[in-house]
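Number of protein chains: 6
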Amino acid sequence: MKLSARNLIPGTVKEVTIGLVNAEVVIEIAPGVEMVSVITKNSVERMGIKVGDKVDAMVKATSVMIAKD
Amino acid sequence: MKLSARNLIPGTVKEVTIGLVNAEVVIEIAPGVEMVSVITKNSVERMGIKVGDKVDAMVKATSVMIAKD
Amino acid sequence: MKLSARNLIPGTVKEVTIGLVNAEVVIEIAPGVEMVSVITKNSVERMGIKVGDKVDAMVKATSVMIAKD
Amino acid sequence: MKLSARNLIPGTVKEVTIGLVNAEVVIEIAPGVEMVSVITKNSVERMGIKVGDKVDAMVKATSVMIAKD
Amino acid sequence: MKLSARNLIPGTVKEVTIGLVNAEVVIEIAPGVEMVSVITKNSVERMGIKVGDKVDAMVKATSVMIAKD
Amino acid sequence: MKLSARNLIPGTVKEVTIGLVNAEVVIEIAPGVEMVSVITKNSVERMGIKVGDKVDAMVKATSVMIAKD
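So the sequences go chain by chain: A, B, C, D, E and F. Just so we're aligned: 15 in UniProt numbering is position 15 of the first sequence, and the numbers increase by one with no gaps anywhere. Just so we're aligned: 38 in UniProt numbering is position 38 of the second sequence, and the numbers increase by one with no gaps anywhere. Just so we're aligned: 42 in UniProt numbering is position 42 of the third sequence, and the numbers increase by one with no gaps anywhere. Just so we're aligned: 23 in UniProt numbering is position 23 of the fourth sequence, and the numbers increase by one with no gaps anywhere. Just so we're aligned: 55 in UniProt numbering is position 55 of the fifth sequence, and the numbers increase by one with no gaps anywhere. Just so we're aligned: 63 in UniProt numbering is position 63 of the sixth sequence, and the numbers increase by one with no gaps anywhere.
These are calculated hints, taken from the structure and not from any lab test. Hints may be right or wrong, so weigh each one.
Just so you know, same-sequence chains aren't split out, so a pair can sit in one copy or run between any two.
[What the hints assert, rightly or not] Cut-off 25 Å, straight-line C-alpha distance, at most; resulting in silico cross-link-like pairs (DMTMM-like, lysine to aspartate or glutamate): (1) K54 with E15; (2) K50 with D69; (3) K50 with E28; (4) K41 with D69; (5) K14 with D53; (6) K68 with E34; (7) K68 with E15; (8) K41 with D53.
Next comes chain A alone, as it looks inside the complex:
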């Protein structure tokens, strides 16, 4: 499957916090570099996401902002 989202960043799930509707998933994409995703609780359950999983953090390019000192 090809996806238009330009950012597919491989990593390992470090932490999963489940809420009533949403869930927070922390993904280590490089030693000491984490990405945090908020997806629905349903998605976490449907995809069986758990600590240690190899996943991709996926982000549409229009959702990526830039900060510069």
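Given the structure of chain A, go ahead and fit chains B, C, D, E and F onto it with the hints provided.
Only chains B, C, D, E and F this time, still in chain A's reference frame:
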């Protein structure tokens, strides 16, 4: 300045493509790992973004999806 | 590949408009019902998206709002 | 009222799950085809959204990605 | 029409810049306070948006981040 | 720090509602004009956001839609 966006990923600007309204900025966040951002042309000019700049790719957690094989 | 995005709506590409950075893709998801996507020009070219293609319109649940009369 | 969001897809509310801050709303947009929205609990209550309601799922074009096999 | 988007901020259109796919619209929401929107060129034309128009800048709550010194 | 987000709107925190994963923050940006943000509970705690704080509501231009009567 503290920012609520949970994802601030340091990298180096590799490429800048300017359109009439938007611009695409490619940021290398690790050897061979790139993030692509689409921000407005105005922001690229206002921030003086150019190849070689040290920047952070910034993403709100609710914009990060997960893909899993 | 499993995706956390909750909305994967099958349809057929009706129209593609290419800009300098972005591109607009119109997808018919049911007779007379269209979805419009703006993705990067690069993605359209990389994925070879053209009129007549069978695709899925993909939307994260947090990007879906509701209107009610 | 005219809206810039390009995607206004009519459907019927099938399910509402309320959390502490957010709520998940499942909308049937065609037989067997559902869209899932996550909006705030406040919006669900303010709009009186309940199962059986006729609503539109509203999505900005820049939030729509494309997947293609 | 009731909208789930929690942010509807009235203002006056100050500037419109049209690209091939997108358009940038600057809206003055208070003396000297502007909001910038990027919507599709099609939406600007469909809605007949022009300088001087009274409009609302509409933002989903999950798209609003917070910065604090 | 320079940010590509085009919308940085100063205001005062009026209300904070904490969920299991997310939190809702109401910001008064002008007398009687509020913006509502949904960010993660973690961000509210990390930034020490509380009623009375001076903050900026930050929004990427591509997340701003337009409504016009």
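### Message
Please sort K68 with E34 into within, between, both or neither, judging by C-alpha distance up to 25 Å.
### Response
Close inside one copy (19 Å) and across copies (17 Å); limit 25 Å.
### Query
Which holds for K50 with E28 at a C-alpha limit of 25 Å: within a copy, between copies, both or neither?
within (13 Å within a copy, 28 Å between copies)
### Query
For K41 vs D69, is the C-alpha pair at or below 25 Å within one copy, between two copies, both, or neither?
between (36 Å within a copy, 19 Å between copies)
### Query
25 Å Cα cut-off: does K54 pair with E15 within a copy, between copies, both or neither?
within (12 Å within a copy, 29 Å between copies)
### Task
Check K50 against D69 for me: Cα-Cα at most 25 Å, and say if that holds within a copy, between copies, both or neither.
between (36 Å within a copy, 13 Å between copies)
### Message
My question is about K14 and D53: at a cut-off of 25 Å on alpha-carbon distance, are they close within one copy, between copies, both, or neither?
### Response
within (8 Å within a copy, 30 Å between copies)
### Task
Could you place K41 and D53 in one of the four classes (within, between, both, neither) given a Cα distance threshold of 25 Å?
both (16 Å within a copy, 24 Å between copies)
### Query
Which holds for K68 with E15 at a C-alpha limit of 25 Å: within a copy, between copies, both or neither?
Between copies, since 15 Å is at most 25 Å while 29 Å is not.
Consistency note: the structure conflicts with none of the earlier hints.
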